[in-house]
Amino acid sequence: VQALLEVMPKDLEMFFFSTSGTEANEAAVKIARLYFEKEGKYKIISRYHSYHGATAASVTLTGDPRRWWAERARTTIPGVRHAPDPYCYRCPFGLKYPECDLACVRYLDYMIKEEGNVAAVLLEPVVGTNGIIVPPKEYYKMVREICDENDVLFIVDEVMSGWYRTGKPFAIEHWGVVPDILTTAKGATGAYTPLGITATTREIRDYFEENVLSHGHTYAHHPLALSALPAAVEEYKKLFESGRLQKVSEYLGKRLYELAEGHPCVGDVRGIGHFWGLETVKNRKTKEPFNVKSDKFIKPLMNDKIATEARKRGLYVVDWYIQLLIAPPLIITKEQVDEAIEILDEALKVADKEAEKTDVPPSKSSEGIVY
12 VQALLEVMPK
22 DLEMFFFSTS
32 GTEANEAAVK
42 IARLYFEKEG
52 KYKIISRYHS
62 YHGATAASVT
72 LTGDPRRWWA
82 ERARTTIPGV
92 RHAPDPYCYR
102 CPFGLKYPEC
112 DLACVRYLDY
122 MIKEEGNVAA
132 VLLEPVVGTN
142 GIIVPPKEYY
152 KMVREICDEN
162 DVLFIVDEVM
172 SGWYRTGKPF
182 AIEHWGVVPD
192 ILTTAKGATG
202 AYTPLGITAT
212 TREIRDYFEE
222 NVLSHGHTYA
232 HHPLALSALP
242 AAVEEYKKLF
252 ESGRLQKVSE
262 YLGKRLYELA
272 EGHPCVGDVR
282 GIGHFWGLET
292 VKNRKTKEPF
302 NVKSDKFIKP
312 LMNDKIATEA
322 RKRGLYVVDW
332 YIQLLIAPPL
342 IITKEQVDEA
352 IEILDEALKV
362 ADKEAEKTDV
372 PPSKSSEGIV
382 Y
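Heads up: the sequence shown is residues 12 to 382, going by our numbering.
Hint data in this document are derived by calculation from the structure and do not stem from the laboratory. Watch out, some of these pointers could steer you wrong.
Unchecked claim - Each pair of labels, with its calculated beta carbon distance range:
| hint | residue 1 | residue 2 | range |
| --- | --- | --- | --- |
| 1 | A84 | G273 | 40 to 46 Å |
| 2 | S225 | G273 | 53 to 59 Å |
| 3 | G273 | K298 | 14 to 20 Å |
| 4 | I309 | E252 | 47 to 53 Å |
| 5 | D162 | R117 | 14 to 20 Å |
| 6 | S225 | P372 | 53 to 59 Å |
| 7 | E261 | Y121 | 33 to 39 Å |
| 8 | H232 | D159 | 49 to 55 Å |
As the list claims (entries may be wrong) - Subject to a maximum C-alpha distance of 25 Å in a straight line, what follows is the list of computed SDA-like cross-link-like pairs (lysine to any residue):
| hint | residue 1 | residue 2 |
| --- | --- | --- |
| 9 | K197 | V259 |
| 10 | K248 | P205 |
| 11 | K41 | K248 |
If you're wondering where the values come from, they're calculated on a predicted model, not measured in any experiment. Virtual Cβ for every residue (Gly too), placed ideally from N, Cα, C.
Start from the sequences and build out the full structure, keeping to the hints where you can.
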């Protein structure tokens, strides 16, 4: 707990320990719903481009096709709504930032008011497997204000974006706001032991001093799982204080921008810290993708081919239906970044063969919109 208090955003000081990010999100949903039980508020709003886990509540919160299969299996829960994303490269409202006046956030406010019984908004500060979507700098301040105005809890899922992945202990800190609940896992122990964390404010914890939170697992608060946490925190702090993390992340972004210039199949480059995405397209001008969501489970994807070519050359890249996820270890060196870029340079050629050449440069949708 002491180690967590050294890195957690201010006011998040009470913790429930489980064994995965999925469980951390399940706990957050239960806490939010029980917190507002007397008011009858139970709905949770997440976003379409999101992944929150594979169990009933967490997969229902998930916006990507993995939820579709859970729906077919009838293993989802009621009371979840999905909001539009701050996806500036493919704005769901067909607008451009900053002239859009953050329509995506304003629509969230509309949803909350129309639904009338929303308990929480649960978001990934920087979207993970669904495309490394980095919202504009005003976005989360507006979300925080909307949640406060409507008496709704603001929950952030930092399972992927936490632990210095974006250059700060937790990604939400780039926007200068504090959530009511924060969930995390993965990097909490360097992935050496299974640990999920649901962090809340003391105000929420105090509510359950007088009210029941019936929740727990066989391996919750497991001493072995927790034992790696203090050591991981110490290593993260040392790496950050050395300045090496920040220098390499800046270099990584620079090299990815350079890489995109030479490949017509790269439509957008976006990211922050050691957390980047390349969105592939057939045509930069029209933004036509090689694949759509429904292709994911029924046929080979273009990004599968790119990832296969990269693996042949010794580089592992996570691919989704239209994005490639670039999330190297935080200890990567500039020399290793160069080696990875060289491999990607070769691997992307398989998609270039089917991409149309245009006079449109690659988009850099996250450049200049974060602090």
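Determine which of the earlier numbered hints do not hold for this structure and return their numbers in increasing order. Failing hints, ascending: 8, 11.
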